[in-house]
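Visitor: Residues per chain are reported as follows:
Number of protein chains: 2
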Amino acid sequence: MIYVIGIGPGNEEYMTYECKEAIKDSEIIVGYKTYINLVKDLISDKQVIENGMKKEMERCKKAIEEAKKGKKVAVISSGDAGIYGMAGLILELVSKEEEKIEVKVVTGVTSSIQAASVLGAPLMHDFCHISLSDLLTPWDLIKKRVKLAAEGDFVICFYNPRSKGRPDNLKIAFEIMSEYKDLDTPVGIVKNAGRENEEKIITTIDDIDFEDVDMTTMVIVGNNTTFISNGKMITKRGYEI
Amino acid sequence: MIYVIGIGPGNEEYMTYECKEAIKDSEIIVGYKTYINLVKDLISDKQVIENGMKKEMERCKKAIEEAKKGKKVAVISSGDAGIYGMAGLILELVSKEEEKIEVKVVTGVTSSIQAASVLGAPLMHDFCHISLSDLLTPWDLIKKRVKLAAEGDFVICFYNPRSKGRPDNLKIAFEIMSEYKDLDTPVGIVKNAGRENEEKIITTIDDIDFEDVDMTTMVIVGNNTTFISNGKMITKRGYEI
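So the sequence lines, in the order shown, correspond to chains A and B. Residues in the first sequence are numbered from 30 upward in steps of one, following my numbering. Residues in the second sequence are numbered from 30 upward in steps of one, following my numbering.
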């Protein structure tokens with residue numbers, strides 16, 4: 030069987046009890062080496078299959094191979110495995126297999142939720158997740174989603190906001206949003222949410238410095254009720270106060 | 030100080046370690062009685078302030094009163110406290126106080142993520158959260174968001190999908206989505222996700238029976254890549270397989 034596990038940001042304090050139990054119950058741990066490193070204290074007695082970035086397909090296929098031999102395998106991702114994580118790929122690959130392989134998705138705290146808790150309460154009303162990585166998604170579709178989400182005054186969480194290979198996607202997304210959202214709409218930036226070296230910046234659509242953002246960063250853009258108080262970013266639920 | 034805690038679905042296995050530590054560290058536990066009941070084994074030695082539905086404001090004000098007396102108070106919600114939970118209201122109320130009151134938001138597994146893990150991996154690509162409760166949000170804004178989210182081919186998670194007081198909002202949302210999404214788009218319905226009596230139904234936009242949905246239910250509508258295999262609802266991330 031295969032557990033597909035979201036470990037959250039990585040520190041044990043943000044894992045669920047189910048996550049730790051599933052890791053303990055596994056014989057083989059499969060993952061991207063950075064994530065393996067985050068749980069190394071929990072897996073010293075396990076067989077580990079790790080590899081580098083963009084090798085997800087290879088990792089998942091190995092996990093399935095081992096599961097077919099009767100092993101209990103844990104495929105680990107940071108955050109939640111079902112949100113831009115490995116749960117989908119594992120289930121897609123398993124759906125092609127003739128043999129029945131049991132898959133259990135173990136939930137974790139995804140990056141937007143962790144970052145939101147650091148910022149205050151920016152996700153108190155309707156929100157979207159949009160990944161700005163155009164490796165697997167057409168850039169036109171991403172831009173369309175940014176436009177529609179901004180038009181609907183959703184709070185927007187940007188995953189994979191910026192990398193060396195695509196330094197300008199976030200800037201373009203902000204240009205699109207500016208047509209619909211006020212320029213003084215609060216923006217929260219959290220680097221390494223829930224990890225050592227966590228950093229937060231609260232700014233606005235107009236004042237953001239894109240250089241503050243990299244691949245380890247979550248960017249959350251408010252809606253038209255979002256405000257800043259005592260360094261906290263707060264979106265109103267709608268109560269009369 | 031005030032911890033605003035998301036306990037996840039309620040069972041200890043889905044809580045984070047941080048959540049349990051924060052509950053242990055608190056002297057007073059404040060919450061809606063149904064949620065208090067979910068953690069009753071953890072709080073037998075604590076003072077408890079509980080009340081009924083729609084009394085959030087009263088609860089939060091009591092929590093702030095106790096914190097001002099120097100008590101450590103935990104305000105608990107199910108799911109994540111920052112997602113349609115109590116974190117925003119507490120921070121809004123605290124922002125009106127002259128005295129500085131420390132507030133720590135403790136993350137939890139929100140209902141969409143728990144339901145997704147039960148269904149398979151429906152949230153593998155860009156998605157929205159929309160609450161269909163028009164108690165605190167104008168119905169026209171909700172409908173506009175449903176339209177734009179469907180137009181952008183987002184996966185959509187409906188919070189508060191249906192209650193006795195508003196039996197038809199979900200039906201209207203489905204009518205709006207039908208203009209943009211294929212009628213055979215998979216829809217996952219999970220009742221009591223992560224709790225006893227958990228139930229799942231996988232259906233389509235065309236075939237949904239709205240009577241299967243109540244306030245304890247999460248409804249997740251797929252995008253144009255979402256498919257069903259072996260009873261799992263899977264949204265493609267975009268890998269070539």
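Treat the hints with care, as some may be off.
Pairs involving identical chains hold if they fit within one copy or between any two copies, as the list cannot separate such chains.
[As the list claims (entries may be wrong)] Simulated crosslink set (DSS-like; lysine-lysine; CA at most 30 angstroms straight-line):
#1 LYS129 <-> LYS176
#2 LYS129 <-> LYS220
#3 LYS173 <-> LYS265
#4 LYS91 <-> LYS200
#5 LYS265 <-> LYS200
#6 LYS229 <-> LYS90
#7 LYS90 <-> LYS172
#8 LYS193 <-> LYS49
#9 LYS69 <-> LYS176
#10 LYS200 <-> LYS97
#11 LYS265 <-> LYS220
#12 LYS172 <-> LYS53
#13 LYS176 <-> LYS97
#14 LYS193 <-> LYS125
#15 LYS200 <-> LYS176
#16 LYS172 <-> LYS98
#17 LYS229 <-> LYS53
It is worth saying that the hints were derived from the structure and are not from the lab.
Visitor: Now look at each hint and say whether the structure bears it out.
Guide: So, going through the hints one by one against the coordinates:
1. LYS129 <-> LYS176: neither (42 angstroms within a copy, 39 angstroms between copies)
2. LYS129 <-> LYS220: between (40 angstroms within a copy, 26 angstroms between copies)
3. LYS173 <-> LYS265: both (26 angstroms within a copy, 19 angstroms between copies)
4. LYS91 <-> LYS200: neither (38 angstroms within a copy, 44 angstroms between copies)
5. LYS265 <-> LYS200: Classified as both; 26 angstroms inside a copy, 27 angstroms across copies.
6. LYS229 <-> LYS90: Between copies, since 28 angstroms is at most 30 angstroms while 37 angstroms is not.
7. LYS90 <-> LYS172: For LYS90 and LYS172, the Cα distance exceeds 30 angstroms both inside one copy (32 angstroms) and across copies (42 angstroms).
8. LYS193 <-> LYS49: neither (34 angstroms within a copy, 39 angstroms between copies)
9. LYS69 <-> LYS176: neither (41 angstroms within a copy, 45 angstroms between copies)
10. LYS200 <-> LYS97: Neither way: LYS200 and LYS97 sit 45 angstroms apart in one copy and 43 angstroms across, limit 30 angstroms.
11. LYS265 <-> LYS220: both (24 angstroms within a copy, 27 angstroms between copies)
12. LYS172 <-> LYS53: Neither: 42 angstroms inside a copy, 45 angstroms across copies.
13. LYS176 <-> LYS97: The answer is neither: 44 angstroms in one copy and 44 angstroms across copies each exceed 30 angstroms.
14. LYS193 <-> LYS125: Neither, since 35 angstroms and 42 angstroms both go past 30 angstroms.
15. LYS200 <-> LYS176: both (13 angstroms within a copy, 26 angstroms between copies)
16. LYS172 <-> LYS98: Cα proximity of LYS172 and LYS98: none, with 44 angstroms in one copy and 50 angstroms across.
17. LYS229 <-> LYS53: between (33 angstroms within a copy, 28 angstroms between copies)
Comparing the model with each numbered hint stated earlier shows that hints 1, 4, 7, 8, 9, 10, 12, 13, 14, 16 do not hold.
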